[in-house]
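Number of protein chains: 2
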Amino acid sequence: MFVILVYDINEKRVQKIHKICKKYLTPVQNSVFEGNITQATLRILKDELKEIMDENEDSVLIYKFRTKKYYDRESIGIKKPSHEDLFL
Amino acid sequence: MFVILVYDINEKRVQKIHKICKKYLTPVQNSVFEGNITQATLRILKDELKEIMDENEDSVLIYKFRTKKYYDRESIGIKKPSHEDLFL
Numbered sequence: 001m002f003v004i005l006v007y008d009i010n011e012k013r014v015q016k017i018h019k020i021c022k023k024y025l026t027p028v029q030n031s032v033f034e035g036n037i038t039q040a041t042l043r044i045l046k047d048e049l050k051e052i053m054d055e056n057e058d059s060v061l062i063y064k065f066r067t068k069k070y071y072d073r074e075s076i077g078i079k080k081p082s083h084e085d086l087f088l
Numbered sequence: 001m002f003v004i005l006v007y008d009i010n011e012k013r014v015q016k017i018h019k020i021c022k023k024y025l026t027p028v029q030n031s032v033f034e035g036n037i038t039q040a041t042l043r044i045l046k047d048e049l050k051e052i053m054d055e056n057e058d059s060v061l062i063y064k065f066r067t068k069k070y071y072d073r074e075s076i077g078i079k080k081p082s083h084e085d086l087f088l
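These protein sequence lines map, in sequence, to chains A and B. For what it's worth, full-length UniProt numbering labels the leading residue of the first sequence as 1, then goes sequentially. For what it's worth, full-length UniProt numbering labels the leading residue of the second sequence as 1, then goes sequentially.
The following block holds chain A by itself, in its conformation from the complex (with noise of 0.2 Å):
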């Protein structure tokens, strides 16, 4: 399965979750990460952000596709540097 991860985190949050993204998929700009996950990867994954996030001010919406058969991602701007570069 392939999947984008898209979070709004407080930033008191945000370096553990991109953290924990990491782990398992690849970051593409500040706060979207996507790859090939399994269902059971992808359950470990969010059991850990909700460990970390505070659900009333956290969000993370993730995109499930059955093949990463999208036909272009496209990109305007810089290509920001990740979280982990600009904190750690």
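None of these hints come from the bench; they were simulated from the model. A couple of the hints might just be wrong.
If chains are identical, the list can't say which one is meant, so a pair holds when it fits in one copy or spans any two.
Keeping only pairs whose Cα atoms sit at most 27 Å apart, straight-line, the calculated BS3-like set for lysine-lysine is [what the hints assert, rightly or not]:
no.	residue 1	residue 2
1	K16	K64
2	K23	K50
3	K12	K79
4	K23	K46
5	K22	K50
6	K46	K22
7	K16	K79
8	K19	K79
9	K46	K16
10	K22	K79
11	K50	K19
12	K12	K46
13	K64	K23
14	K64	K46
Since the structure of chain A is provided, determine the placement of chain B on it from the hints.
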């Protein structure tokens, strides 16, 4: 064509970018939009974005799919109000 658009924009310009995206797509999270759009309209949208964006500071990512056949979109945490709701 179905698209997912994610932006990462300096707050000085984010309201304008949000307004432009909202003319053509549906907001689903802070900084995430989706919807069906033609190639021609997408070109107009990109031109409008480029007029406002500082391409050295801002970033927009567009995933394009032939159809809206992602089989799931999952949301964890709050449904954030849009920038428009926050600022206008």
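Here is how each hint holds up against the structure:
1. Taking the shortest Cα distances, K16 and K64 sit within 27 Å of each other inside one copy (23 Å), while across copies they are farther apart (29 Å).
2. Proximity of K23 to K50 under the C-alpha cut-off of 27 Å is restricted to the intra-copy arrangement: shortest distance 15 Å within a copy versus 33 Å between copies.
3. Both within a single protomer and between protomers do K12 and K79 lie at most 27 Å apart by alpha-carbon distance, with minima of 23 Å and 19 Å respectively.
4. Taking the shortest Cα distances, K23 and K46 sit within 27 Å of each other inside one copy (12 Å), while across copies they are farther apart (32 Å).
5. For a Cα distance limit of 27 Å, the shortest separation of K22 from K50 inside one copy, 15 Å, qualifies, whereas the shortest one across copies, 30 Å, does not.
6. For a Cα distance limit of 27 Å, the shortest separation of K46 from K22 inside one copy, 13 Å, qualifies, whereas the shortest one across copies, 29 Å, does not.
7. With identical chains, the CA atoms of K16 and K79 are at most 27 Å apart both within one copy (21 Å) and between copies (21 Å).
8. In this assembly of identical chains, K19 and K79 lie within 27 Å of each other by CA distance both inside one copy and across copies; the values are 19 Å within and 23 Å between.
9. Taking identical chains as interchangeable, the C-alpha atoms of K46 and K16 lie at most 27 Å apart only when both belong to the same chain, with a minimum of 13 Å there against 33 Å between chains.
10. Within a single copy, K22 and K79 get their C-alpha atoms as close as 17 Å, and across copies as close as 23 Å, so both meet the 27 Å cut-off.
11. Proximity of K50 and K19 under a CA criterion of 27 Å is satisfied intra-copy only: 14 Å inside one chain copy versus 31 Å between copies.
12. For the identical chains of this complex, K12 and K46 are intra-copy neighbours only, at 19 Å inside a copy versus 33 Å across copies, given an alpha-carbon limit of 27 Å.
13. In this assembly of identical chains, the alpha carbons of K64 and K23 lie at most 27 Å apart whether taken from the same copy (18 Å) or from different copies (26 Å).
14. Taking CA atoms no more than 27 Å apart as the test, K64 paired with K46 passes in both settings, with 13 Å inside one copy and 25 Å between copies.
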